[in-house]
Amino acid sequence: MRLRKPRTIRPPSLLAIVLLLPLAALADFQFPLNLQKPVTIVGREIYDLNTVINWICAGIFVVVFIPMFYALWHHRKSLGHQPHHFHENSKLETLWTIVPFLVLIGIAIPTTAVVVDMKDTSKPDMTVKVTGRQWKWEYEYLGQEVKYISTLATSRDQVNNKAPKSEHYLLEVDKPLVVPTGQKVRLVFTSADVIHAWWVPALGVKQDAIPGFLRDAWIKVDEPGTYRGQCAELCGVDHGYMPIVVEAVPPAKFAAWMDQQKTQLAEAKAAASKEYALAELVAMGEKVYKTNCVSCHQANGQGLPPAFPPLDNSKVVTGAIEGHLSTVFHGRPGTAMQAFGPQLSDLDIAAVVTYERNSWHNKTGNAVQPREVAALRK
Amino acid sequence: MADHAQTYYVPPPSHWPLVGSLGILTLASGFILLLAKVAAGPYVMGVGALILIYMLVGWFGSVIREDRAGKLEGQVDTSYRWGMMWFIFSEVMFFGGFFGALFYARVFTVPDLGADELLWPGFVAQWPTAGPGLKEQFTPMHAWGIPALNTLILLTSGATVTWAHWGLKRGRRDQAKLGLILTVALGFTFLCLQAYEYLEAAFTLKTGIYGATFYMLTGFHGLHVTLGAIMLTVITFRVFAGHFTPESHFGFEAVSWYWHFVDVVWLVLFVFVYWL
Amino acid sequence: MEAVLHDSHHEDHPTGLMRWFTTTNHKDIGSLYLWFSLLMFFFAGTLAMLIRAELFQPGIQIVQPQIFNQLTSMHGLIMIFGAIMPALVGFANWQIPLMIGAPDMAFPRMNNWSFWLLPVAAILLSTSFFVPGGAMAGGWTMYPPLYIQGGISYDMTILAVHIMGLSSIMGAINIIVTVLNLRAPGMTLMKMPLFVWTWLITAFLLVAVMPVLASVVTMLLTDRHFGTHFFNAAGGGDPIMYQHIFWTFGHPEVYIMILPAFGIISTIIPTFARKKLFGYTSMVYAVAAIAGLSFMVWAHHMFTTGMPVAGQLYFMYATMLISVPTGVKVFNWVATLWKGSISFETPMLFALAFVCLFTIGGFSGLVVSIVPVDIQLQDTYYVVAHFHYVLFSGSAMAIMGGIYYWLPKWTGHMYDETLGRIHFWLTAIAFNVTFFPMHFLGLAGMPRRIPDYALQFADFNRLVSLGSFVLGASQLIFLYVVVKCIRGGAKAGDRPWEGAETLEWSLSSPPPYHSFTVAPEVK
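Listed in order, the protein sequences are those of chains A, B and C.
Just so we're aligned, residue 5 is where the first sequence starts under my numbering, counting upward by one.
Just so we're aligned, residue 71 is where the second sequence starts under my numbering, counting upward by one.
Just so we're aligned, residue 1121 is where the third sequence starts under my numbering, counting upward by one.
Excised from the complex, chain A in its bound form (with noise of 0.2 Å):
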């Protein structure tokens, strides 16, 4: 043997200590280290097969590493241990691809169960239609008549460090998904442009939403309270800002908060006929706009060109209402900018485009009428 033995073994436990240090520092702060707390049946029953899943393979890593270790150690060069020369052991061979056979056959059964009872959406006590748009969420209650969107309600500032983090940075939406505990509510899933994924881990449910198709999945919470989640499939740029949040809230009070939406959107259809103002109209489209398109468009309407467009002196946002309009409500395909009409009210439109159309340095003094928008729908 030519090679040096190294002189001792002190870089790499000197390497330990060093980095183990920061480790010890950080000891106060918060390390979540397993699933979240379920609050439905398959949720549990996720968590009760991960811990199982979990401890069989630590038994197998100890009964496998156990040998190997005590092999490190005994059989060593250094200790002069000669090597034994033995190999191939047919018996031996059987039995190690026999047992881990039969423990996935373990495993495999109480799995198939759980699949088959995720997978069962039959009998809902009520449908919600969840679509997935770049980047909120849409859901409409089949059925019902009520449909919104629900947007991120972290603020931008916060996102660029201009303002303090809230307690739920990033979980936290404008309009939850409402559902009442202890019924089965039947999930389906779609997407209006990429595949999006709609995941809340209490509720043990993770489906993608995919432009086209549909797919469904079921939830049955027990106990009434507020569930978070992301949506989890790369989407483009805003990935990260789409949550998702659940309030589950007894039947009763979910039955009054229901018909409390169905008021608004009364209400909501009889402010459309009105007429508004220029300056009304900018002070809301100012807060659409900052829910919709400040993400692709930014706060100054300078954009991120190319793909993003500037809308500061913007041809067509300075140019014909009609061309403007169409391309908010339309959107423009084959671009990231999507159609808007089926996602807000006629007022939102009107008032976004007013108030891009006299915003920094577009001064057109054009105040778009909800009912211009309504034309377009017929």
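Among these hints, one or two may not hold up.
Stated by the list, open to error - Here are the simulated BS3-like pairs of lysine-lysine, each with C-alpha atoms no more than 27 Å apart in a straight line:
hint : chain 1 : residue 1 : chain 2 : residue 2
1    : A       : K188      : A       : K151
2    : A       : K257      : A       : K273
3    : A       : K367      : A       : K291
4    : A       : K188      : A       : K224
5    : A       : K319      : B       : K107
6    : A       : K95       : C       : K1611
7    : A       : K133      : B       : K205
8    : A       : K95       : C       : K1459
9    : A       : K367      : A       : K319
10   : A       : K224      : A       : K41
11   : B       : K141      : B       : K239
12   : B       : K247      : B       : K141
13   : A       : K166      : A       : K151
14   : A       : K257      : A       : K41
15   : A       : K81       : C       : K1396
16   : A       : K123      : A       : K41
17   : B       : K107      : A       : K382
18   : A       : K166      : A       : K294
19   : A       : K133      : A       : K257
20   : A       : K257      : A       : K127
21   : A       : K266      : A       : K151
22   : A       : K81       : C       : K1611
23   : A       : K95       : C       : K1311
24   : A       : K291      : A       : K166
25   : C       : K1459     : A       : K81
26   : A       : K224      : A       : K133
Unchecked claim - For each label pair, taking beta carbons as the anchor points, the in silico distance ranges come out as:
hint : chain 1 : residue 1 : chain 2 : residue 2 : range
27   : B       : A109      : A       : E149      : 36 to 44 Å
28   : A       : P337      : B       : C262      : 35 to 43 Å
29   : B       : H313      : C       : P1134     : 56 to 64 Å
30   : B       : L337      : C       : F1346     : 25 to 33 Å
31   : B       : T209      : C       : G1431     : 31 to 39 Å
32   : C       : F1250     : A       : P254      : 54 to 62 Å
33   : B       : K205      : C       : F1250     : 38 to 46 Å
34   : A       : E284      : B       : L275      : 46 to 54 Å
35   : C       : M1416     : A       : G323      : 31 to 39 Å
36   : C       : F1415     : A       : L106      : 24 to 32 Å
37   : A       : E284      : B       : G192      : 41 to 49 Å
38   : C       : G1412     : B       : L337      : 23 to 31 Å
39   : A       : E149      : C       : G1431     : 31 to 39 Å
No wet-lab data here; the hints were simulated from the structure.
For each residue, glycine too, the CB sits at the ideal point set by N, CA and C.
Fit chains B and C to the supplied structure of chain A, relying on the hints for placement.
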């Protein structure tokens, strides 16, 4: 022959791979410019294609010279045989991807869309289709016109190339020449009929999943027939130039294997794209 | 012998740059692959450092979300196609002819082209950062419809993938033919070193699946530019169809990256245990079984797409089965160590770390094969942890171990053992500090591919980032050791490892320009 390991032919350093890489870089850059709608794109692509053709001519030219000098015998010949077989296998897998898309669309996607009353009400699952969103009416290609004739043509060409091979093996070079000329002629006839079919077609690449799978499968097949026919032409010239012996003619065999492969792909195409 | 020298003018090959551009020598080409891989490793590693810097704390500090997505996408793509795969092909080029007693690869000229296509692809990928809209940001898996929305760099990526695929297919054909046709007399298939076996099977996987990738990215291209509707429901297509075809390539691809690593480990462990591999035959069958299963399990990457129950169950059972042959391999390595005469040189340290850490990756793989559990873990940091345990502490650490193992043979010099060990310990510890906490992040609910995260993930992320910076910096030691070893050092002799028994150690170090001009007899 001496011990094979001692005479395994290791070619000298060669600049052809480098030329090939430059050709591909130019071709790819040109294509990207074309897609970005830059006017120079097609010209850059043209230059890239010329470099690539120059490389192919030069590289295969040196292989032919090595072959003529008897360097590609014995174990090297076996290598070439294995190499060609695995190359054809990779081509099979390439078509496999597109056939996979066709089968997946027909077996899973279209029935799924047809069953979806919430998103696509009124869409009836059937094949062929342009999909629920396009609402396009079109006449699909019928199997028993030109495609059936084309099947006959390709099968015949498979027979003629085998007949030419028999001729070569038995030293009847006139039979080999005639067989090859017939094969090349049949190949080009096939291509002309295919081009005619494209011109007459009542649907395009954009006609939903049917148009997409139809044109991509037949298009890539047509491209392979074109390549095969060009290679057969080269082989024909080589036979006329007196290349190949009854014992050693791997260049011929490789091309005829390729031709049979193109043949088989067509049969599968005919059944699943045109007929069923 | 005379014939070879005379015919091919090997002794007067060009010098300088032209030597490398025109070479038909398997060792030169092997070195080119390895250097290319190292360059790409540092390039994609730098991207990873930027990712971790941004994730050091919540909020957006260093890069905007759009750039962040470019970083993650290109990090994955370049590590896979630019670093891991070329490194393994580099090993194949250097070692296969040496280990089977061949004069060179079966198609030396094509071998050269296989390599020189890679820089073309690398040029396309690296310049794509500077085109309007920046680099591809759709994830290395390139899922439509998101991919359809992208700019010009997305087309550059597709073409780069085509070119790398072409390179891989040619390289794989070359390897298959070399192994099948150029073995020394007496070396039957079942006498081949296990490294050669793993590469033979890997090469088969490559030839089988790279064309499938080429076909599916072609469909992406035509969907983007030529109006086809492969992945658009309105035209009767399906975005999920892309995922099926992609993972038909993608899952075997995972084994393409790990099987040769198995081969390297199965070479190193017997050498430093000074004992034959325990079950050679069962190892060969296990590799073949893993390769066979790899074609049947692809949809386990897609459990959350919502397959029917039967589909989910089938893909779950098939995936679980993979742990049987994988277990056989781990048991064999442990049995090989048992009652050996073990010493701990750097290659052995990497091999032992591989056995432990790869097994952890294998276990987390078993966990995510369980459909209901995968529903919680799919697209979270748990998956990121899982595939870094199999790809970094698996493939990459096997590659590093292999480099230390064969560097004396390739250069004729011993590497610096002390620095080698420092590199090992830094890498192994920093690796675990970086990737082990990611399991917890995933369990706690942190999705992958996000530039910013909720506050409960902050502390683990800071730890992970710290670990990753150490991990990244330690690789500079590796670069230094390799360069130092090439430039000089103690003479290695023909057989620096007394336990090494494969054919390459019967040659001088470094080996002669033609590896075996006279085929050795294998008994």
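Hint check results:
Simply put, K188 of chain A and K151 of chain A have alpha-carbon atoms about 19 Å apart, close enough for the 27 Å limit, and the pair holds. A hinted pair counts as satisfied when its Cα atoms are at most 27 Å apart, and K257 of chain A with K273 of chain A qualifies at roughly 25 Å. Our distance criterion of 27 Å between C-alpha atoms is met by K367 of chain A and K291 of chain A, whose separation comes to about 19 Å. Taking the CA atoms of K188 of chain A and K224 of chain A, the gap is about 5 Å. The hint holds against a cut of 27 Å.
Our distance criterion of 27 Å between C-alpha atoms is met by K319 of chain A and K107 of chain B, whose separation comes to about 22 Å. Our distance criterion of 27 Å between C-alpha atoms is broken by K95 of chain A and K1611 of chain C, whose separation comes to about 45 Å. With a CA separation close to 25 Å, the supplied pair K133 of chain A and K205 of chain B stays within the 27 Å bound. Proposed proximity of K95 of chain A and K1459 of chain C is supported: the alpha carbons are some 19 Å apart, at most 27 Å.
A threshold of 27 Å between alpha carbons decides the hint, and for K367 of chain A with K319 of chain A the separation of about 13 Å falls inside it, so the pair holds. The suggested pairing of K224 of chain A with K41 of chain A holds, with an alpha-carbon distance near 15 Å, which does not exceed 27 Å. Under the criterion of a C-alpha separation no larger than 27 Å, the hint pairing K141 of chain B with K239 of chain B is consistent with the structure, at around 20 Å. The straight-line distance between the Cα atoms of K247 of chain B and K141 of chain B is roughly 25 Å, inside the 27 Å bound, and the hint therefore holds.
The suggested pairing of K166 of chain A with K151 of chain A is violated, with an alpha-carbon distance near 34 Å, which exceeds 27 Å. Only pairs whose Cα atoms come within 27 Å are accepted, and K257 of chain A paired with K41 of chain A is accepted, the gap being roughly 24 Å. For the hint pairing K81 of chain A with K1396 of chain C, the CA-to-CA distance comes to about 15 Å; that is within 27 Å, so the pair holds. At roughly 21 Å between alpha-carbon atoms, K123 of chain A and K41 of chain A fall within 27 Å of each other, so this suggested pair holds.
Proposed proximity of K107 of chain B and K382 of chain A is contradicted: the alpha carbons are some 37 Å apart, above 27 Å. With a CA separation close to 16 Å, the supplied pair K166 of chain A and K294 of chain A stays within the 27 Å bound. For the given pair, K133 of chain A sits about 21 Å from K257 of chain A by alpha-carbon distance, which is consistent with the 27 Å threshold. The hinted pair formed by K257 of chain A and K127 of chain A meets the criterion: a straight-line CA distance of about 23 Å does not exceed 27 Å.
Taken as a hint, the K266 of chain A and K151 of chain A pair is honoured in the structure, with Cα atoms around 10 Å apart against an allowance of 27 Å. For the given pair, K81 of chain A sits about 23 Å from K1611 of chain C by alpha-carbon distance, which is consistent with the 27 Å threshold. Among the hinted pairs, K95 of chain A with K1311 of chain C is consistent with the structure: their alpha-carbon atoms are about 23 Å apart, no more than 27 Å. Pair hint K291 of chain A plus K166 of chain A holds up; C-alpha atoms about 19 Å apart against a cutoff of 27 Å.
Simply put, K1459 of chain C and K81 of chain A have alpha-carbon atoms about 10 Å apart, close enough for the 27 Å limit, and the pair holds. A distance of roughly 16 Å separates the Cα atoms of K224 of chain A and K133 of chain A; the hinted pair therefore holds under the 27 Å criterion. One distance hint, 36 to 44 Å for the beta-carbon pair A109 of chain B and E149 of chain A, is violated here, with the actual separation near 53 Å. For the hinted restraint 35 to 43 Å between P337 of chain A and C262 of chain B, the CB-CB distance of approximately 38 Å keeps it satisfied.
A hinted range of 56 to 64 Å is violated for the C-beta pair H313 of chain B and P1134 of chain C, which are about 31 Å apart. For L337 of chain B and F1346 of chain C, the Cβ-Cβ distance of about 27 Å falls inside the hinted range of 25 to 33 Å, so the restraint holds. Between T209 of chain B and G1431 of chain C the CB atoms are about 35 Å apart, so this pair conforms to the stated range of 31 to 39 Å. The given range of 54 to 62 Å is respected by F1250 of chain C and P254 of chain A, whose C-beta atoms sit roughly 57 Å from each other.
For the hinted restraint 38 to 46 Å between K205 of chain B and F1250 of chain C, the CB-CB distance of approximately 42 Å keeps it satisfied. Taking 46 to 54 Å as the suggested C-beta distance range, the pair E284 of chain A and L275 of chain B conforms, at roughly 50 Å. A hinted range of 31 to 39 Å for the beta carbons of M1416 of chain C and G323 of chain A is inconsistent with their spacing of about 57 Å. Taking the beta carbon of each, F1415 of chain C and L106 of chain A are about 25 Å apart, inside 24 to 32 Å as hinted.
Checked against the given bound of 41 to 49 Å, the beta carbons of E284 of chain A and G192 of chain B, roughly 42 Å apart, stay inside it. Checked against the hint of 23 to 31 Å, the pair G1412 of chain C and L337 of chain B passes, with Cβ atoms roughly 28 Å apart. Take E149 of chain A and G1431 of chain C: their Cβ atoms lie about 35 Å apart, and the range 31 to 39 Å holds.
In summary, the structure is inconsistent with hints 6, 13, 17, 27, 29 and 35 from the numbered list given earlier, while agreeing with the others.
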